[in-house]
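Number of protein chains: 4
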Amino acid sequence: MGNTFGKYFRISTWGESHGGGIGVVVDGCPSNIPLDAAADIQPALDRRKPGQSDISTPRKETDTATIVSGTYEGKTLGTPIAITVPNSDHRPQAYSEMKDKYRPSHADYTYQTKYGIRNHEGGGRSSARETIGRVAAGAIAAKALSAQSKIEVRAYVERIHDIAMPDFGTGEAPALPFPSLESVEQTAVRCPDPALAEQMIARIKEARSQGDSVGGVIVCRVKGLPVGLGEPVFDRLEADLGKAMLSLPATKGFEVGSGFAGTLLKGSEHNDVFENRDGQIRTRSNRSGGVQGGISNGEELYFRVGFKPTATILQSQETVDKDGTETELMGRGRHDPCVVPRAVPIVEAMTWLVLMDNWMAQQARSHQPEA
Amino acid sequence: MGNTFGKYFRISTWGESHGGGIGVVVDGCPSNIPLDAAADIQPALDRRKPGQSDISTPRKETDTATIVSGTYEGKTLGTPIAITVPNSDHRPQAYSEMKDKYRPSHADYTYQTKYGIRNHEGGGRSSARETIGRVAAGAIAAKALSAQSKIEVRAYVERIHDIAMPDFGTGEAPALPFPSLESVEQTAVRCPDPALAEQMIARIKEARSQGDSVGGVIVCRVKGLPVGLGEPVFDRLEADLGKAMLSLPATKGFEVGSGFAGTLLKGSEHNDVFENRDGQIRTRSNRSGGVQGGISNGEELYFRVGFKPTATILQSQETVDKDGTETELMGRGRHDPCVVPRAVPIVEAMTWLVLMDNWMAQQARSHQPEA
Amino acid sequence: MGNTFGKYFRISTWGESHGGGIGVVVDGCPSNIPLDAAADIQPALDRRKPGQSDISTPRKETDTATIVSGTYEGKTLGTPIAITVPNSDHRPQAYSEMKDKYRPSHADYTYQTKYGIRNHEGGGRSSARETIGRVAAGAIAAKALSAQSKIEVRAYVERIHDIAMPDFGTGEAPALPFPSLESVEQTAVRCPDPALAEQMIARIKEARSQGDSVGGVIVCRVKGLPVGLGEPVFDRLEADLGKAMLSLPATKGFEVGSGFAGTLLKGSEHNDVFENRDGQIRTRSNRSGGVQGGISNGEELYFRVGFKPTATILQSQETVDKDGTETELMGRGRHDPCVVPRAVPIVEAMTWLVLMDNWMAQQARSHQPEA
Amino acid sequence: MGNTFGKYFRISTWGESHGGGIGVVVDGCPSNIPLDAAADIQPALDRRKPGQSDISTPRKETDTATIVSGTYEGKTLGTPIAITVPNSDHRPQAYSEMKDKYRPSHADYTYQTKYGIRNHEGGGRSSARETIGRVAAGAIAAKALSAQSKIEVRAYVERIHDIAMPDFGTGEAPALPFPSLESVEQTAVRCPDPALAEQMIARIKEARSQGDSVGGVIVCRVKGLPVGLGEPVFDRLEADLGKAMLSLPATKGFEVGSGFAGTLLKGSEHNDVFENRDGQIRTRSNRSGGVQGGISNGEELYFRVGFKPTATILQSQETVDKDGTETELMGRGRHDPCVVPRAVPIVEAMTWLVLMDNWMAQQARSHQPEA
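Chains as they are written, first to last, in our numbering: chain U, 12 to 382; chain G, 12 to 382; chain S, 12 to 382; chain B, 12 to 382.
These are computed hints drawn from the structure, not numbers from a lab. Mixed in with the good hints, there may be bad ones.
The list treats identical chains as one, so a pair stands whether inside a single copy or across any two.
To be verified - Result set (BS3-like, lysine-lysine): computed pairs, CA atoms no more than 30 Å apart in a straight line:
hint, residue 1, residue 2
1, K71, K277
2, K86, K234
3, K110, K86
4, K333, K110
5, K110, K277
Same shape as in the complex, but just chain U (with noise of 0.2 Å):
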């Protein structure tokens, strides 16, 4: 239980980071949808992957996906799509000393009580490599979705430890315009802004040399959504998108629109009135970031997560074995300093899953009499 995600594109996601490898089974992806396991997946996995510049972990890992089945001759069959990634670079003699030893503010201890066994090797389950499958899958969301709409969704990181971006905090909607892509990706950071990319990653490499860690949050913006995206009461857009973002690791918190610094206006202050802008209706500011009641009102959809500091890091700690004796775990292994940067891909998959499946729900609901 509770591998499973999506009503209408339905993913399961199987894997654990040592092992056999990493999957995903797509379920429900519309029929004669172009699909190449190349040009369509890898370059997702490839923003995801380990060791793709000097502020990751120097971990490699190739993270080569494989579509198994569900498509013929470059299309998808409206059949299962199954997508497999082999695991590789193993050290599991790395991890000897977590056999035994739960590492703080990881999940260890929480997977050894509940399931009464766990693979310990690099976090099994829990491991970040789990999003492999979210990644993958995601990018066929994107692909099935882009094909029937406008629809383009961007994340990117405003803040890293406390360097921020301007738009971060006021309760605005971001006064950026939409980055491109190629602005997101032209630092290893993966801010729009050179300058603040520039501190960020200086403050993630002095993290790092004191064998610590740092976290941040990652804006995620969405434009050219129809009005209408969203089932209310319990399945609100930002309820779906809010799950997926907080079923990611590390992640800490989720916010829309305004979000906690909304809360700090008052009505007057908060409410987007709404205009006739070229004959459309329209809202002049956009504090409710995209979706009023649950559903989305046609202005860009935006939202924030929060992304807590590495819970691995190069420094002695003291903790407990599994019988529970006081213990000390010297943290080893090849980390990643900072995740922010690394879950922008990430951030993105979920997004594209949630708008597609919100994207059937509204399609299977049509009311399209017979000519």
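On the provided structure of chain U, position chains G, S and B as indicated by the hints.
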């Protein structure tokens, strides 16, 4: 679609704010649980209903719950429990202006566009009145889960506008001891700090006198949770809770544990080291918020929910009508200048629903060899 | 659990035979469908209700449906449609003997053991009265699907005890032309062959005069289905229909197309060869029953449902009480000596629900590039 | 959509008959269950695979299962169990004629029309090869449920063409004592009556020699079921089983207990009276088939599944091509003249899946007060 919540303890709500009433069907409730509408459900509804105090709307609704099915001689049958609450105190004429004009930051425009039709009276399905079904169902979940565990759930107002309790924004677990229900209920604003509560009430009254509104933050705390609740990876406990909270009207943000403040800490500052406390594995600090890897770790679970200021304000606002013609709308009617105090029992109800659902998921899989 | 049916057009039923009433909540219905309780739902309920003729129970129930939510000014809102039907004509004293004694081939013993409690009056949730919610929801599905298609659903009694129409048991598609509703309704037994209907009625009356009961078979036929409904592999159209029918009280068997008789044919006798009929791809015979590979093929869909003889008989039967003590039970009360005629509208309702659900599944995935 | 089965013990299958392979992901399996591919899964696959005997297809497939995730050191982790089986023995050229021509009573035409594309090689997803994932998952369900109960499942061939065991068609519970696995496996046709088995085998060989095919009936029996499994009203145990069986390729009918034969009995002949047998509440006869009101009653559960004759025959048949042009198709390839014997382990697998799912549903709701 979108009106069902939960996988094992599953509720389906129905009803518009004006019409035949509001209700909920609860499926999956264990049998033989004593359940009485007046004793077990009505108190929760009474905490939610309007007209409770001089800081809420003067609208009077009795909101009397009737159990129509699923119990026999005061106990649950294991069959669906249907609960209905009739609507009352209609003043449909109060809404005639809203038939054609879209209220800013309300769901009028998005519902109309999504469905091509809406019940404009009182917001229809997007009204906060919809939460009655959730509160009734949450009371049943609380009863059923309390029969099997020592779990306690307590939500309270931690911030109104910028008047905040000291626990807010620290990134640390609440220093305030787990408050009693009485201490929360002693003031109309449901903040357990009487002095701050007085300031909060004054702030709300001030906003109302200006025809304006304010928002705020609710914190919800859970004690007595066993280790092991939560279904990774997509149904992490905090993901389920986040979805539950973000499905509530007027919510803009959710954070668990250290939340967004925690993203400003370094790993060495944020990690919760394990210790052996009286023979039990515990964490020394609790920035994780009682959840690690999506699974409860036995510490206190806590999370925060941000509510925007009420969209309905008693001021003239620019807007458009359904034809896109720009016009003005003068807010009328009897509305809360701040929804946050009344949302406290709703947050608790959703929390009980999530916990009961996860409790059942865990029980379903528990390995119990036959003797 | 178990009280919700459908994935896209989803219904949740509630209610015991004696208690506050019976109802259903329909989620996922398209908006803007004209819907009126008296015109659209009541006729179906009237076909199901007891006391219609001299071969059904003399029990009188008005079974009047009220739409409590989900419509506005006579049209569906796209929000949950709640329908309630109050219980009436209670004679709880008629059931006092059943409080402790288990009726043979009823659900008294299994409900009591599963749940540790039961409402023994009239069978509680296991009563055929539970099907009211299905029939009401089926009427909505019929209305919504008829707005989008030319699909027609017609069920009728094909066999009572051993009096069978000639189509039964041949393994071939029905030779009888698709009958009109009028031809089915012209006799109380709902068999469109008047001469056979007379014999069937006589057989039912004979059983009743002996304090006994009989069973039979309903055939259900669907015309106007497009090619392409059904979701392989687990949700094949016939699998969904089979589940729907086998969830009805008193059903013991389901067969589609040639059914069990078809298993006596050889492949060369059973196969439906394709031909080009007036420019359309059609099959010459229809032993497949309108479904191939779980997907509708554009031919008439037909299937059969077997109903056992009513378990309640007006004879003394051996049984045990709840303590396991052997005793006798004398059947009393006002029961149908044959449930099959009244089950005809229920079979139709479940068919509409399955078809609408599959229609929406197909629409959800349909690839509609944006202009 | 349609490729996931089960609510608590949930499987998702993927794969076409020709392509990268076949697989299944099992979510919800309890942890700490010993599980070994060779010992626990392979035997079930070997019973299903082609080429086992001289009455099945000479096609050779090794069908070797690999557990890719979800176990650690030979035990289940509680995380998703992914199993893959590579495809082999491809002869795609054998299918070139089917690229454009629709095989009668196959799914070629419906798949092509539904999805606008299909993998025509070997039937793609509609191939019986798809059931490999079901059998592998069923073996896991069997292992997990056997760790908690004394349930036994045994299916066998009761009829081939018109050669039937005497239990068939009586409306009574099988008189044959619950057969051992060995007695079923002793003949290639999987009928535990050796003399009848010989006749059945001769009938199959005769059909093959004519280039023809035959169908038949499998009975499946379950002993050791506790009272109380099954979730009324829509998820009655027989409804879940019916859906499971009717989702299998080539099935045309399902009946539980007395089945269609039971509809020929009167109530006084059909009812199962209760008695006290050695202190236990039991029924004297078992025409109910072990289920009353959709809930297991502690008696032996039994049901029958009808399979049509194999659609592929080695004769020339009329058909059309994808353009609707009438043509002929000569059956070629290596096919089973009768699928029924190989379907026996598949029927068992689906039964285990249904039982495990219902077992978990019952456990989820069980009321276990904390000490």
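Hints and how they fare:
When the C-alpha separation of K71 and K277 is checked against a cutoff of 30 Å, the pair qualifies only between copies, where the shortest distance is 25 Å, while the shortest distance within a copy is 50 Å. For the identical chains of this complex, K86 and K234 are intra-copy neighbours only, at 27 Å inside a copy versus 33 Å across copies, given an alpha-carbon limit of 30 Å. In this assembly of identical chains, K110 and K86 lie within 30 Å of each other by CA distance solely across copies; the values are 16 Å between and 44 Å within a copy. When the C-alpha separation of K333 and K110 is checked against a cutoff of 30 Å, the pair qualifies only within one copy, where the shortest distance is 9 Å, while the shortest distance between copies is 53 Å.
In this assembly of identical chains, the alpha carbons of K110 and K277 lie at most 30 Å apart only when taken from different copies (26 Å versus 53 Å within one copy).
Violated hints for the displayed structure: none, as all numbered hints are satisfied.
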